[in-house]
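Student: Whenever a hint applies, use it, and build me the whole structure from the sequences.
The chain contents come next:
Protein chains: 2
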Amino acid sequence: MPNPTAAMLVIGDEILSGRTRDSNMYHLAGRLTEKGIDLKEVRVVSDDRAAIVAAVKALSAAHDHVFTSGGIGPTHDDITADCIAEAFGVGIDVREDARRILASHYPEGEAALTPARLRMARIPDGAVLIDNPVSKAPGFAIGNVHVMAGVPSVFEAMVESVLPLLTGGAPLISESVRIDRGESTVATELGDIAARFPQVSIGSYPFQRDGRYGTNIVLRSADRAALDAATNDVRALVD
Amino acid sequence: MPNPTAAMLVIGDEILSGRTRDSNMYHLAGRLTEKGIDLKEVRVVSDDRAAIVAAVKALSAAHDHVFTSGGIGPTHDDITADCIAEAFGVGIDVREDARRILASHYPEGEAALTPARLRMARIPDGAVLIDNPVSKAPGFAIGNVHVMAGVPSVFEAMVESVLPLLTGGAPLISESVRIDRGESTVATELGDIAARFPQVSIGSYPFQRDGRYGTNIVLRSADRAALDAATNDVRALVD
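As they're listed, the protein sequences go chains A and B.
In this text, residue positions in the first sequence follow UniProt numbering: the first is 1, and each later residue adds one.
In this text, residue positions in the second sequence follow UniProt numbering: the first is 1, and each later residue adds one.
Don't read these hints as lab results, they were simulated from the structure.
The reader is advised that the hints may include incorrect statements.
What the hints assert, rightly or not - Below, simulated DMTMM-like cross-link-like pairs (lysine to aspartate or glutamate); rule was C-alpha separation at most 20 Å, straight line:
1) B:Lys136 with A:Asp48
2) A:Lys40 with B:Asp48
3) B:Lys40 with A:Asp48
Computed from a predicted model, the values in this text were never measured in an experiment.
Tutor: Next up, the structure:
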């Protein structure tokens, strides 16, 4: 059975303006690979209602799971929750359980829940909350979409809350072989090996370091025996 | 006149598997902002023909410029050039000028052009070459799509070859104000300021450091006077 597939949607002008270097994509990609869920696509969109709604609909229809990052805080540019409600055609309002969780974060309790902070308790109808052990304000899941915060420490904590609930496939295992010359010197042979082992994905990643060319050949498969056989063939090219 | 818009397409399994942390997106985002071209969307897709062709078509139709990264090397997993040709409905073959440029990279000249290396001289019909001062193998542009290598040093060099040829808009200028408390404490006032200055984009980026909450408020505009006025209003919240 093929592994479940996933897509990620990163929401935020700060990534697209080059102000912030995204780290959530890199983190999620690694964790999903370990879990045996194949991340097939990532999209980054700005804080724009139409763009977010369209991306959520497209990714939700095409993949088993969708993970979003960003836009669920208390400020005017935090519009993700409303966009998710619109994409699923459901209502959204402050929800009692989310409100209680949020209040527990502040020493003053309920009294601390200003209108801005209460925005973080607005949850689309029918969603399930995602635990946020870092700063309380919850994420939520609706349908196959998991909605999480953009702050990396919170995002990563929410990923750990969500992953145990999902069914993974066979985790991909990988081997890598480094060669100290350009990839074109082994391209034909690599293509032949890739054709002989269809259950192994073989990637070739050239690099330049100190003015010299090199290539990392990375082999990935859920099948240990095929992975080992293909890796041996690649090593034989290098020796 | 609004600024030109752009999208980026990152092609490569190595990003989606979490093996490699993308840096090209961060680099391009910063350079486009300086140039006055608004990066509106990024997509990351795997080395999959149907996924690449669909993304190129969608992004090319929706934006003034599209920049792609990855998949133009000599190995079996380098399928970007063929996908671009398919997306534009044109043929693709080894082109004489690209072949000459490539041969000039090797001390042995033409004799070094194995079938694998010649793949890097396959250019879709009607495309214009993009100069690669780092390792010769050219990128190319067809329609509004600029096709560049994935290796960061080469990608960055190609970006510098392309940007002077594009017409930018008014460069976005930005100011930022850091406050040493959570964003919810200023959320209402920030929303008011954002409403008063529609020509200024105001983003609120919370962070946690050493267990304390803080927020960076970033204001961006092409209009210096409006930017200064809005920034003053934000500073007044903090003092």
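Student: With reference to the structure, classify each hint as holding or not holding.
Tutor: Evaluated hints:
With a C-alpha separation of about 39 Å, the suggested pair lysine 136 of chain B and aspartate 48 of chain A falls outside the 20 Å cut-off, and the hint is violated. Taking the CA atoms of lysine 40 of chain A and aspartate 48 of chain B, the gap is near 10 Å; set against the 20 Å cutoff, the hint holds. For a cut-off of 20 Å, the pair hint linking lysine 40 of chain B to aspartate 48 of chain A stands: about 10 Å separates their Cα positions.
Checked against the numbered hints above, the structure violates only hint 1.
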